[in-house]
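Make a model of the complete structure from these sequences and hints.
As numbered in the working numbering, residues 491 to 760 make up the sequence shown, in order.
For the record, the hints were derived by calculation from the structure and aren't laboratory data. Please note that the accuracy of each hint is not assured.
Unchecked claim - Capping the alpha-carbon separation at 35 Å, the derived lysine-lysine pairs in DSBU-like fashion look like this:
(1) Lys515 to Lys755
(2) Lys655 to Lys727
(3) Lys759 to Lys515
(4) Lys655 to Lys729
(5) Lys515 to Lys758
Claimed, not checked - Derived Cβ-Cβ restraints for the label pairs, each shown as a range:
(6) Ser696 to Glu552: 43 to 49 Å
(7) Pro693 to Asn514: 29 to 35 Å
(8) Ala657 to Trp708: 17 to 23 Å
(9) Ala602 to Gln746: 20 to 26 Å
(10) Ala657 to Thr507: 45 to 51 Å
(11) Ser695 to Phe751: 21 to 27 Å
(12) Ser696 to Glu632: 21 to 27 Å
We put the CB at the ideal spot given by N, CA and C, even for glycine.
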Amino acid sequence: MHSFIPPDRFFPYLTWTEIQQMPNKDNVVLLQPVGTIEQHGPHLPLVVDAAIATAVMGKATERLEPDIPAYVLPTLCYGKSNEHWHFPGTVTLSAHTLIATLMEVGESLYRAGFRKFALVNGHGGQPQIMEIVARDLHQRYEDFMVFPLFVWRVPNLPIDLLTSKEAELGIHAGDAETSVLLSILPDQVRMEQAATEYPQELPQSSVLSMEGQLPFAWTTRDLSQSGVLGDPTVATKEKGDRFLEALTTGWVQVIQDIYHFQQPKAWKKI
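In structure tokens:
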């Protein structure tokens, strides 16, 4: 049941009495991986985002100092993936359902006495969901510290492994994701079916862009026939190992920082 997660860091393996008696629950770090079941082109399985978030949490908590209390919840594999729903196999929740689910998970943990809850998102199409949930949970429970995080957004990633074009436009099932899957789930990668396809018909000489400060709304089929946005043909396990190592190192630091974090309370000075 624990998949990539070390058994002693897997929250569901605890008993209710162990949770009741757990010391210093205010500072215990609870990590909720959130992925998707969505198409990733003809060469990658549907589970990419969930698998990467889970594997990184497993590697990071395995390396974490044992005196830092941190536990990983079961990965929420279903996410908001409606931009991919024209491709068979994609299973998507609505924004309303995903928000409600994460709110209720957070509220359950708060009732149990925990006060530090990190949403570890693995899907580029739902960071706004994480931000809404985090803000609403903290607004509802002012001593609840909630962190809307993205698994790839840690410092010192080896972006130099990617071409400049790939770093800018390879946002889905391209070199980076394929390389990491070759590292963590090599038997599920069909490299013989990998094909390069970058976003088509993007606006030229315009301040509007696919991603960034001034984006336009899109679904995947607007931009790609294969479902791929990038070049997976150049992916290698060696690159994946380097990305995974950087992600692991970054997340060890993130978890440590959450453990030491205290909520600012300027309002108490008024």
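To see whether the hints hold, each was checked on the structure:
1. Lys515 to Lys755: holds (20 Å)
2. Lys655 to Lys727: holds (20 Å)
3. Lys759 to Lys515: holds (26 Å)
4. Lys655 to Lys729: holds (17 Å)
5. Lys515 to Lys758: The hint holds at about 23 Å.
6. Ser696 to Glu552: 43 to 49 Å: Holds, at about 46 Å.
7. Pro693 to Asn514: 29 to 35 Å: violated (52 Å)
8. Ala657 to Trp708: 17 to 23 Å: Holds: the Cβ-Cβ distance is about 19 Å, inside 17 to 23 Å.
9. Ala602 to Gln746: 20 to 26 Å: Distance hint for Ala602, Gln746 holds at roughly 23 Å.
10. Ala657 to Thr507: 45 to 51 Å: Hint holds: Cβ distance 49 Å, inside 45 to 51 Å.
11. Ser695 to Phe751: 21 to 27 Å: violated (44 Å)
12. Ser696 to Glu632: 21 to 27 Å: violated (43 Å)
Checked against the numbered hints listed earlier, the structure breaks hints 7, 11, 12; every other hint is satisfied.
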